[in-house]
Amino acid sequence: MLTTLLVAALLAQNGSAAAQPDMARAKRLFDTGCAGCHGPEGVGGKGPSLAVPKLRHAKTDGEIVQLILTGIPGTEMPPSWYLGGEVALVAAYVRQLGANATPPKVEGDVAKGKALFEGKGGCANCHTIGAAGHAYGPDLSDIGARRTAASLRESLTNPSAEIAPEYMQVHVVTRQGEQVTGIRINEDSFTIQILEPSGRFQSFRKADLSTLEKRADQSPMPSYQRVFSDAELQDLIAYLSSLRGEQ
Amino acid sequence: MRCFPAMLLLASGLAAQVPYQRIVNADKEPQNWLSYSRTYNGQRYSPLAQITPANVARLKPLWTYQIDQMDHFETTPIAVDGILYVTEPPDAVSALDARTGRRLWRYVRPVPADIQVCCGRVNRGVAILDDTVYVGTLDAHLIALNAHNGAVEWDTIVSDYKSGHALTLAPLAIDGKVIVGIAGGEYGIRGFIDAYDAKSGKRLWRFWTVPSAGEPGIQSWAGDSWQRGGAPAWVTGAYDPDLNLVYWGTGNPGPDWNPAGRQGDNLYSCSLVALDAATGKLKWHFQFTPHDSHDYDSTNVPMLFDGEVRGKPRKLVGLANRNAFYYVLDRITGEFLSAKPYAKVTWNSGIDDSGRPRVDASMEPSEKGTLVWPSLYGATNWFSPSYSPATKLVYVSTREQSSYFYRTEAEYQKGAMFVGGGERAVGGDKASGAVRALDALTGNQKWEFKLQSPPWSGVVSTAGGLVFGGSMEGNFYALDALNGKPLWDYQTGAEMYSNVMSFAVGGQQRIAVTAGHALFVFGLQ
Numbered sequence: 000m001l002t003t004l005l006v007a008a009l010l011a012q013n014g015s016a017a018a019q020p021d022m023a024r025a026k027r028l029f030d031t032g033c034a035g036c037h038g039p040e041g042v043g044g045k046g047p048s049l050a051v052p053k054l055r056h057a058k059t060d061g062e063i064v065q066l067i068l069t070g071i072p073g074t075e076m077p078p079s080w081y082l083g084g085e086v087a088l089v090a091a092y093v094r095q096l097g098a099n100a101t102p103p104k105v106e107g108d109v110a111k112g113k114a115l116f117e118g119k120g121g122c123a124n125c126h127t128i129g130a131a132g133h134a135y136g137p138d139l140s141d142i143g144a145r146r147t148a149a150s151l152r153e154s155l156t157n158p159s160a161e162i163a164p165e166y167m168q169v170h171v172v173t174r175q176g177e178q179v180t181g182i183r184i185n186e187d188s189f190t191i192q193i194l195e196p197s198g199r200f201q202s203f204r205k206a207d208l209s210t211l212e213k214r215a216d217q218s219p220m221p222s223y224q225r226v227f228s229d230a231e232l233q234d235l236i237a238y239l240s241s242l243r244g245e246q
Numbered sequence: 000m001r002c003f004p005a006m007l008l009l010a011s012g013l014a015a016q017v018p019y020q021r022i023v024n025a026d027k028e029p030q031n032w033l034s035y036s037r038t039y040n041g042q043r044y045s046p047l048a049q050i051t052p053a054n055v056a057r058l059k060p061l062w063t064y065q066i067d068q069m070d071h072f073e074t075t076p077i078a079v080d081g082i083l084y085v086t087e088p089p090d091a092v093s094a095l096d097a098r099t100g101r102r103l104w105r106y107v108r109p110v111p112a113d114i115q116v117c118c119g120r121v122n123r124g125v126a127i128l129d130d131t132v133y134v135g136t137l138d139a140h141l142i143a144l145n146a147h148n149g150a151v152e153w154d155t156i157v158s159d160y161k162s163g164h165a166l167t168l169a170p171l172a173i174d175g176k177v178i179v180g181i182a183g184g185e186y187g188i189r190g191f192i193d194a195y196d197a198k199s200g201k202r203l204w205r206f207w208t209v210p211s212a213g214e215p216g217i218q219s220w221a222g223d224s225w226q227r228g229g230a231p232a233w234v235t236g237a238y239d240p241d242l243n244l245v246y247w248g249t250g251n252p253g254p255d256w257n258p259a260g261r262q263g264d265n266l267y268s269c270s271l272v273a274l275d276a277a278t279g280k281l282k283w284h285f286q287f288t289p290h291d292s293h294d295y296d297s298t299n300v301p302m303l304f305d306g307e308v309r310g311k312p313r314k315l316v317g318l319a320n321r322n323a324f325y326y327v328l329d330r331i332t333g334e335f336l337s338a339k340p341y342a343k344v345t346w347n348s349g350i351d352d353s354g355r356p357r358v359d360a361s362m363e364p365s366e367k368g369t370l371v372w373p374s375l376y377g378a379t380n381w382f383s384p385s386y387s388p389a390t391k392l393v394y395v396s397t398r399e400q401s402s403y404f405y406r407t408e409a410e411y412q413k414g415a416m417f418v419g420g421g422e423r424a425v426g427g428d429k430a431s432g433a434v435r436a437l438d439a440l441t442g443n444q445k446w447e448f449k450l451q452s453p454p455w456s457g458v459v460s461t462a463g464g465l466v467f468g469g470s471m472e473g474n475f476y477a478l479d480a481l482n483g484k485p486l487w488d489y490q491t492g493a494e495m496y497s498n499v500m501s502f503a504v505g506g507q508q509r510i511a512v513t514a515g516h517a518l519f520v521f522g523l524q
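Chains as they are written, first to last, in numbering that gives the first Met the number 0: chain Y, 0 to 246; chain P, 0 to 524.
Hints are computed from structural coordinates only; laboratory data are not their basis. One thing to keep in mind: the hints can contain errors.
Here are some, though not all, of the chain Y residues that point toward chain P, as calculated from beta-carbon distances under 8 Å [unchecked claim]:
(1) T31
(2) F189
(3) F200
(4) E212
Virtual Cβ for every residue (Gly too), placed ideally from N, Cα, C.
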């Protein structure tokens, strides 16, 4: 209820401010709160490009304001700390980015990239696209809508540069000597749940472990820098960029 | 299957009269929990000793009471002679059979559609006195309910909710009076603490937590900034019947993160005030965070205890502050005795001999964001600490987290947020939590029990030698009060925004805590 009211109030404010929105201030707010993930001018980075004619999660002005206020649950997009008219200003700035947008063109051969994904790269051993593949790493069904080509390149060549917390690799040793390495699926103060690469799920009480090592800086994914040629990498990036999920 | 004769229940309901002297002498009836922190001294300590480190492994959930709202369920139940009185968000009060959780009556107040609450539609509990239950509401009313059937006895408007005023705390009922503090520090309100006549609802006194023109302390506010100065008082305080002093924490000055327009110390924000309970006059104050710019409210429950400091027996008040320091003051005079950090802190470089922080100017909120420990939500928050007279330790549910603090412009509009910035918290594995046991006199840490993430659950300590607390991953747990060793835990299945308490029914000790949208009651089996 509170959020609904807030959105209504903000839209009302936006309506009255639409004559002369302070775009310089809007840019400052965007640079402070958004550009870290969405890149300068919203061209994308860790987060998706906002310089697109139509945003995937926010098709109307109200949805943009709502999305900025609440974030997107289950993703890295957090709720904002913007207040009052600031949200409407940032929303106006984001709309302007879209209005001026030219769709990014990604070099490479999508078909060849798909073959590499399914073949030489062995990517489907750990990633799903729709119903295909093995669920160990992140689902890639809409990765092209969420990541820029540059960000995808970095993930392929230097996967440890940034690891989403939900894919942290852990290594545990039980007091009986059993060793398990995998992705931390969940953790609380007393227990930890781990997914092994084989797909086997394990749950431990921490009191039963002699070692609990968190490899926060070490991606479970190997670097593909030396696995692929430059051309192959570009083809794979073109394929990944083409994955937009359900439109 | 157990049977409980209905007449017995009814009889205990009729007998639920709580004259003031019963609350003063609460230690004589450890089976009950008659005030927010059980006793006026704010200790949140239970003298019940049936559940111990030796048998806590047998603790099991006995019943659960679920609410029908999705807001945080932050109540501390009041336990009186077999009945629990709880508040449910947003504005309801229920009386529950303490044996079974079955409801005896319920009062529901509709919440106005245009309500403004910065931080959730919450309520933290009721007070009881004689035959009346008192509840503050989100639209800033104080309401008296008949303890036997929930009927409204009186309804007093404390302030105008349309300007951002609200009541979220459990009132404190003392001899013939009901005391409340106002919330709304993010809306440019001017804070206050009020006392109301328990029988009539008529206001007896008001202490403004921000002075007005001509009053002492006004020089600590630039220009007319005092008019929107904040300093809310949204967490229940403590009371010393012998000194007849009420102790109450105050919150942030407004606007929170942009202090440019309010040069000065901004009295009595981020302070502890000691008020004459008869008149509401200020006896003394101590300001923990002068000219605050990080929203480090001092709305933490003050714990009253006695002890020897520098060879002299003294009446003391201890307070684990959101600003990451544990303070000890003389509660007769307000004299500063000691301060010690109990969590990581970067906003200052220490506390001087007068108790004033040496503020680090580079830690001020900025347009680009300034990384500061502790985070906006502090090293602790509204949820209660506990003092055990058995161990002489203070147990603090502690948050280890940093935030980027942002500063923006702030323009006052009635009923709108007036904060001048915000935060981006550093979360995930870079944040953590702990229950820390501090020497109550010195603040020296005796032990800690680490938590996966920064908690939002207070703790209770018991004469049985246990400390109970909750986590944001749903763990409800018991620690050994002497060494912090975890002895028992239970997965409640939801985030815990809670304050633990203990009571007994039929001679059996119970532990009660909220998690998610349910109240859980545990006992030995």
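Here is what the structure says about each hint:
1. Because the smallest distance between the Cβ of T31 of chain Y and any Cβ of chain P comes to about 6 Å, under 8 Å, the interface hint for this residue holds.
2. Checking F189 of chain Y against chain P: minimum C-beta separation of about 5 Å stays under 8 Å; hint holds.
3. With 8 Å as the threshold, the beta carbon of F200 of chain Y stays out of range of chain P, its nearest partner Cβ sitting at about 17 Å, so the hint is violated.
4. For E212 of chain Y, the suggested interface contact is broken, since its CB lies about 13 Å from the closest CB of chain P, more than 8 Å.
When held up to the earlier numbered hints, the structure conflicts with 3 and 4 and fits the remainder.
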